[in-house]
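J.: Position chain B against the provided structure of chain A, taking the given hints into account.
Number of protein chains: 2
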Amino acid sequence: MANLEDAKVVASQELSNSKATWVKMERIKYLDPMGKERDWEMASRKSRAAKSDVDGVGIIAIIESSKGPLVILQKQFRPPLQAICIEMPAGLLDPNESVESCALRELREETGYIGKVTYRSPLMFNDPGFTNTNMYLVFVSVDMKDERNQNPVPELEDNEFIETFTVPLEELSQNLERLSHEGYKLDARLQSIASGIQLSRQFGVR
Amino acid sequence: MANLEDAKVVASQELSNSKATWVKMERIKYLDPMGKERDWEMASRKSRAAKSDVDGVGIIAIIESSKGPLVILQKQFRPPLQAICIEMPAGLLDPNESVESCALRELREETGYIGKVTYRSPLMFNDPGFTNTNMYLVFVSVDMKDERNQNPVPELEDNEFIETFTVPLEELSQNLERLSHEGYKLDARLQSIASGIQLSRQFGVR
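Those sequence lines, one after another, are chains A and B.
Residue numbering for the first sequence follows my numbering, beginning at 333 and increasing consecutively.
Residue numbering for the second sequence follows my numbering, beginning at 333 and increasing consecutively.
With the rest of the complex left out, here is chain A (with noise of 0.2 Å):
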């Protein structure tokens, strides 16, 4: 079986818009709200589906087992991070394809979970100064007595190497924290979401 650890960058060179296939970079011009002509520099993505203003999904996929709830994350190689990130599943969508269907898919392909839909968040920007990229998060429900999720199987690309695990959604944040610790980059949709679970219980939200 293949080894996450075992994959590495060897080699990075500059890349121009006209050999880029995936990522772009524009300078804007705007006007600041004084009327004020200013520049700003982003970068963002190709992919994007012609009329679309979305990017992609991520998945919050809860297993309620009887010891609580679970969370399905992920280990993945990430080449911009150089390391192996602990990371909601996700994917881009295609074209013509709906968040929830997206989501869906995502989570059975990456996975072999099959789940439903119980939310969609608003649309957000992964960072805001930098990039256009965006997505939703979709929260899915995954019934361990639905037989086929006995023994998902993902149905991995061949340029795809995921590790799919759990853990308990109450301890997400020390999980987190306990593999930052060890080297694993976090993705920061998901650490949010773990801070904000600390944030309730803090300050005792209901």
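Be aware that one or more of the hints could be misleading.
[Stated by the list, open to error] Covered stretches of chain B (in silico footprint by chain A; criterion: 3 or more residues with CB under 8 Å from a CB of chain A, positions within the stretch not fixed):
(1) 340-347
(2) 350-356
(3) 362-375
(4) 392-401
(5) 427-438
(6) 498-510
(7) 517-530
[Stated by the list, open to error] Computed beta-carbon distance windows for the label pairs:
(8) 538(A) <-> 477(B): 18 to 28 Å
(9) 345(A) <-> 344(B): 22 to 32 Å
(10) 369(B) <-> 426(A): 19 to 29 Å
(11) 510(A) <-> 344(B): 36 to 46 Å
(12) 510(A) <-> 385(B): 12 to 22 Å
[Claimed, not checked] Derived EDC-like pairs (lysine to aspartate or glutamate); straight-line CA-CA distance at most 20 Å:
(13) 340(B) <-> 364(A)
(14) 361(B) <-> 492(A)
(15) 356(A) <-> 358(B)
Simulated from the structure, these hints should not be mistaken for lab results.
No residue lacks a Cβ here, since even glycine has one placed at the ideal position from N, Cα and C.
T.: Just chain B now, with coordinates in the frame of chain A:
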């Protein structure tokens, strides 16, 4: 007073690495976990300080009021989104600046509030398939008994136009949904925190 609604993008053009000051693109060669050589395209910031592995911080600043905890939020025109974005206070690290100092400085400059750091998250990556940009989440407590917090005065730079407001932590998620419906764009880290609070509530996490 400047009206954020008046800001707008008037033009954009392709930007090359050699003409960019703040952003860059690279093609990476990496070995996948099976030892096969593959390509990946990525964007990143040029502003990261030499020898640093960190771009910036996001600040969850909490005012403990008699009516419960309030979270400090911002409206800011973001050229990459061509829209006003709802965000937490945030900023990039100055060279040799600590994460905690940066958080307290940015909070003071952007909102006028003086705070105390109560927690720092592990480092987290904004969009790991696309870029290596990253940040720490820093929780900051704002004591309203501190006289300096009675009339907070931001110290904005001449290219910064930021409106500060607060919402009850408990109602963060509903407020973000409403603002999104009103046409504001949402920062993903902030919306993910709101989703974490929502998950806590839904699953009765203690």
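J.: If you check each hint against the structure, which ones fail?
T.: Hint check: 5 fails alone, others pass.
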